[in-house]
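Chemist: If you want the building blocks of each chain, they are given just below.
2 protein chains.
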Amino acid sequence: MALLDSDATVDVADLMQDMGDRARAAARAIALASTETKNAALAAIAAGIRARTDEVLAANARDLAGMRQRDVTVAYQERATLNETRVEAIAQAVEAIAALPDPVGDEMAAWERPNGLKISRVRTPLGVIGIIFESRPNVTVDAAALAMKSGNASILRGGSDTIETNQALYGAIAEGLESVGLPADVVQLVPITDRAAVGALLTGLNGTVDVIVPRGGKSLVGRVQAEARVPVFSHLEGICHIYVDKAADMQMALDVTVNAKMRRTSICGAAETLLIDRAAAEQFTTPLVQALQDAGCEVRGDEVVRGLAEGVKPASEEDWSTEYGDAIITVGVVDGVDGALDHIATYGSSHTESILTEDEAVATKFLTECDSAIVMHNASTQFADGGEFGMGAEIGIATGRMHARGPVGLEQLTSFHYVVRGTGQVRPK
Amino acid sequence: MALLDSDATVDVADLMQDMGDRARAAARAIALASTETKNAALAAIAAGIRARTDEVLAANARDLAGMRQRDVTVAYQERATLNETRVEAIAQAVEAIAALPDPVGDEMAAWERPNGLKISRVRTPLGVIGIIFESRPNVTVDAAALAMKSGNASILRGGSDTIETNQALYGAIAEGLESVGLPADVVQLVPITDRAAVGALLTGLNGTVDVIVPRGGKSLVGRVQAEARVPVFSHLEGICHIYVDKAADMQMALDVTVNAKMRRTSICGAAETLLIDRAAAEQFTTPLVQALQDAGCEVRGDEVVRGLAEGVKPASEEDWSTEYGDAIITVGVVDGVDGALDHIATYGSSHTESILTEDEAVATKFLTECDSAIVMHNASTQFADGGEFGMGAEIGIATGRMHARGPVGLEQLTSFHYVVRGTGQVRPK
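Protein sequences appear in the order of chains A and B. Sequential numbering of the first sequence, starting at 1, is according to the numbering used here. Sequential numbering of the second sequence, starting at 1, is according to the numbering used here.
No lab work stands behind these hints: they were computed from the structure. There could be a bad hint or two in this list.
Same chains, same names: a pair is fine if it fits in one copy or spans any two.
Listed below are the simulated DSBU-like cross-link pairs for lysine-lysine, each with C-alpha atoms no more than 35 Å apart in a straight line [said to hold, decoys possible]:
1. K118 - K246
2. K429 - K313
3. K218 - K429
4. K246 - K365
5. K365 - K118
6. K118 - K218
7. K429 - K365
Quick caveat: nothing in here was measured; it's all calculated off a predicted structure.
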């Protein structure tokens, strides 16, 4: 696939529809490919990436030169930068995905009817996945490998800043697919930087795209959620809460809260709000705030918190619904577990929340009544991750209630159908 | 809720948004209601319907008088007509739904991580379901009961021809909900006949509606699929296929084919196309066509079929993708199971297909490679039904690949979340 110039005369709608049609045609080939064939393709892709290291790094250098000429932050450039170690890590990630169990064909449930019909629910691929991401080149390969292993065709639309890097990596993907007899169209990379391509993909391209997975910041995900005419697996933000109940173990509360906020502040499972039970506010607030501050965290608080602890800035209304992605936390006092549930329902993002308590009944109430994708008891919200859940790899975290929720791993990229085996049964009457 | 006149000055968008907001508020109440409370509400609704039989029949008579004044077919009027027996059947259907197991809170999967975290996947309600249906008054109650039992709020939009009947039935629903302390807004009935209400509902009402379920003919479902901005559980049509392989048992092929087509011709699981393996066409075509004709079915066929059997009309290209819903079938000869799979992929509607063969390898190939919601071996396609699957009741059949596929019963009206139980685990590094 040649790199098209964005200035060239190209009908974006036609180009994208053609990609959709080719993806739909290729979807049947990958859906029916054996586990061995898919794993052989993934192994070939990993080998191809290693063999193309120089080419990939040269393309990446050209992308970075372009970014330096434009208004691009150093942090952004850093995320887009590859080196030999990072290219090797990309290849290894593909091998790790090849090593995961193949979900396609799994029997999810099976039962027999009184008339002897044997019914089972069997995993099938979803079809065609559109993946829209920003300028992290590793996503190109990671997303393609996850989609392939789960039997799906994919259309990748990466950030325009790394299009040359993505093209170089894509060369290895196409070659790896073809080396085992699969069509290269099982994975396609949008070859133009025109933003209209994203709009076209979000229409679903006349039913050829089954689901969209956006990977990137809030503005990208927000646009996708607002415009997509097909289902989207995504989370707009992760405003994760820790609730410290009056029956919490103090040392556990300190350890888990500091870990949930500070282990890595930029991941979506990082805690952004700490809620403390009013019945134990005097006991818990000072040590919790102190421990967070000692770990380098800025603490913003409501009036009660500011009255109990030192060095706490006032929390604005906006703070309660802010995903900082940084060493900042907002701390508030609530009226027990019901107050915590109300607060989370009002300000949360349905991502991940954790209660700290030794009271099993209170924990069960929280776990039952909190309508977030992941609810935890006595554990750090930083465990909100497909790898930590044992899924091996994830394409992202979803906060919607349809189809996939929580970490989106290989199983969540599948659908199912019913298989009915009979011996000549006819329906009476 | 008063019956609003469609000529009255009412801002449809405002009215519908208010319904969406009230549904979202009521969704939490029904999501957290115990099985006992939900069953008590359903029992009260069934009793209320019986108690209001006279009122319901009077409202139905007014609806029917209106239909007779308009351009409404007799068959359509018949479907909309209630009598004492039909009202009693509606009440009994609610009691049958009350007797089904409650899916909310079910543990779908559970596992433990090496760090001791116990993770489970637990069923939760979906949220708010928008149900759009034509003039079968039993759907009003049936859909509301299924949504309630699965912990969901619902907004019902029935056909304008039976709005008075629906209002009378809705009175029993609202009263039943309130009698057990649940808000009446758990089920709402759109009180206007303005078609703009459907358009508003299809937008999702600013995120307050999670899924739309249309129940009705192809034009209704087609409009919903084209316009909806939220997920839809539906099938546009059921073009179901029977494939008779060369290794089929002749008597079984005759019995199953006639049953699949003729038991009831109007249901979506009725067969519309019969495909016969070319390798056995001479042996099977004549008796199969004869059996269908003897059962009163009109047979249309391709050239080979017309050459082998008497009284077969020529099949047009359109016939292969037509859901007759009537005693008509199209019969064609294909090149083995691969030919059948290709034909179904080209002309099918991804609903239900069945292979008749004694060859297990061929059956497995068909069941694996056919991408329809339900695939069968040696069984009648008329079993494509939630009740026949043992689900107890269904709100419809879905042919999409997202979330629900095949019969949509109580479980398919739920989502899930992850519950993580720890003992103070923090994430390392």
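Chemist: Work down the list of hints and note, for each, if the structure agrees.
Modeler: Status of the hints after comparison with the structure:
1. In this assembly of identical chains, the alpha carbons of K118 and K246 lie at most 35 Å apart only when taken from different copies (23 Å versus 52 Å within one copy).
2. Taking the shortest Cα distances, K429 and K313 sit within 35 Å of each other only across copies (29 Å), while inside one copy they are farther apart (74 Å).
3. Taking the closest pair of Cα atoms, K218 and K429 come within 35 Å of each other only across two copies (26 Å); inside a single copy the shortest separation is 56 Å, beyond that limit.
4. For the identical chains of this complex, K246 and K365 are intra-copy neighbours only, at 14 Å inside a copy versus 59 Å across copies, given an alpha-carbon limit of 35 Å.
5. For the identical chains of this complex, K365 and K118 are inter-copy neighbours only, at 17 Å across copies versus 39 Å inside a copy, given an alpha-carbon limit of 35 Å.
6. In this assembly of identical chains, K118 and K218 lie within 35 Å of each other by CA distance solely across copies; the values are 31 Å between and 46 Å within a copy.
7. Taking CA atoms no more than 35 Å apart as the test, K429 paired with K365 passes between copies only; the shortest distance there is 31 Å, against 48 Å inside one copy.
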